[in-house]
Amino acid sequence: MSRAQVHQTADQAVAGIEDGSVILVGGFGLAGMPFELIDALIRQGATDLTIVSNNAGNGDVGLAALLAAGQVRKVVCSFPRQADSWVFDGLYRAGKIDLELVPQGNLVERMRAAGAGIGAFYCPTAVGTPLAEGKETREIDGRIYVLEYPIKGDYAFISAYRADTLGNLVYRKTARNFGPVMATAATTTIVQVSEIVPVGTLDPEAVVTPSIYVDRIVAVQGRQYTVEGAR
Amino acid sequence: MTSPLSMDELAAVIGRDIPAGSYVNLGIGQPTKIADHLPADEDGNPAVILHTENGMLGMGPAAVGDEIDPDLTNAGKVPVTELAGAAYFHHADSFAMMRGGHLDVCVLGAYQVSARGDLANWHTGKPEDIPAVGGAMDLAIGARDVYVMMSLFTRNGDAKLVPECSYPLTGVACVSRVYSDYAVFDIRPDGVRVLATYGISLAELRDRVPVKLLG
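Chains as they are written, first to last, in my numbering: chain A, 53 to 283; chain B, 18 to 232.
No wet-lab data here; the hints were simulated from the structure.
All C-beta atoms in this analysis are idealised placements derived from N, C-alpha and C, irrespective of residue type, glycine included.
Check each hint, because a few of them may be wrong.
Pairs of lysine-lysine residues, derived as DSSO-like cross-links and limited to a Cα-Cα distance of at most 27 Å, are as follows [as the list claims (entries may be wrong)]:
1) A/187 <-> A/204
2) B/229 <-> B/50
3) A/126 <-> A/187
4) A/204 <-> A/148
5) A/126 <-> A/204
6) A/148 <-> B/143
7) B/177 <-> B/229
8) A/126 <-> B/50
9) B/143 <-> A/187
Rough simulated footprint, nothing fancy, chain B against chain A, three-plus residues with beta-carbon under 8 Å [claimed, not checked]:
10) 94-103
11) 114-123
12) 173-187
13) 239-253
Derived Cβ-Cβ restraints for the label pairs, each shown as a range [to be verified]:
14) B/143 <-> A/148: 18 to 26 Å
15) B/213 <-> A/201: 41 to 49 Å
16) A/192 <-> B/173: 39 to 47 Å
17) A/125 <-> B/143: 24 to 32 Å
18) A/94 <-> B/221: 57 to 65 Å
19) B/183 <-> A/54: 50 to 58 Å
20) B/33 <-> A/125: 46 to 54 Å
21) B/161 <-> A/199: 20 to 28 Å
22) A/172 <-> B/206: 37 to 45 Å
23) A/141 <-> B/25: 43 to 51 Å
24) A/64 <-> B/118: 44 to 52 Å
25) A/262 <-> B/174: 40 to 48 Å
26) B/46 <-> A/141: 15 to 23 Å
27) B/95 <-> A/54: 39 to 47 Å
Using the sequences and the hints given, assemble the complete structure.
Spelled out as structure tokens, the structure:
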């Protein structure tokens, strides 16, 4: 993997994203949501996208705004239905968007497998439930497991706290969530951060995502969301 | 007890039953109330470490005022606080803690629980309802003890402890105990045992719950 590029704007950071791309989008609700990258993608205009994310948008911002712009064909997520998921709900009920519902741990482990070069894995989650129907199973040491395949992205959009100019990342609190795993699972990982610092500034013992996984970095102004907006 | 428990009283009952020293995940909704009733150590500090699926051990109470930080929320996306000794980790680690058998107890809500401990709590199965599963299936098969906290009867008076679940399953034979407003049930290999009743006789409980109940 070549060295990460530091971009001056979010629009530059998302340039070249093709129609039909699979994009892994970090965040749990709005914590860790890469708002500026998503807003830039709305301006960039790529369509027919598949979005892999824990939720399917909250309120009218971030992922919900991307859905409302009509750029998304399919959402792969664990928890679409929430009190403030009206954008997704409307599109889904109108038959304008596809949903693949995946248990949250399987969602992240399938991306971990993609990033770690694992062909598939046997997982005990969802055995005997509708979400395992039609999937291959195997009994191992007296327990039944379901075969699960990797989820690989063409792109990952991640929000981290700080990056150095090489692309080493640290996160903040529970905004870390899917970021470190998604960073490994995409061909091109694009990261927005609050601050880009010189190489040597971050404590190597505290780096969460090593630079090898990061392709594009952009510093953005503050987090444009509130807790009220998250509910 | 001469009357059924309120959900707050039930939360206190469950909190008293969670052993000190446990690592515990409380599901969103009613189980969140249990956080106010967990055991404390001799110095009054929490004796249970709370796990939240979105990547934290050592979760503290809900945040208020200046404590509110959009980067620090619980599984219900409510702002929370961190306690001394807290740790943050990514989602793959968080769910490895569940699947890998590292969590001692989780408490989940339920639509139905079957006599053999099948859990249904993620989807009504109605075509007009949008399904959402979150971390429920991972918790159900992962935590060493899965407790359910629920009202025992629907608004129509139907028991939610049933011979076979009619709602789509979350997990198979995964529930070890059911805490309800009318009774506490242990789900055992030899059957369902009633551990406590609240405002109902065992005879009436047997009349209203269509599952063989061991006394």
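Any hints from earlier that this structure breaks? Give me their numbers in increasing order, please. Going through the list in order, the structure violates hints 2, 8, 10, 11, 13, 22, 23, 25 and respects the others.
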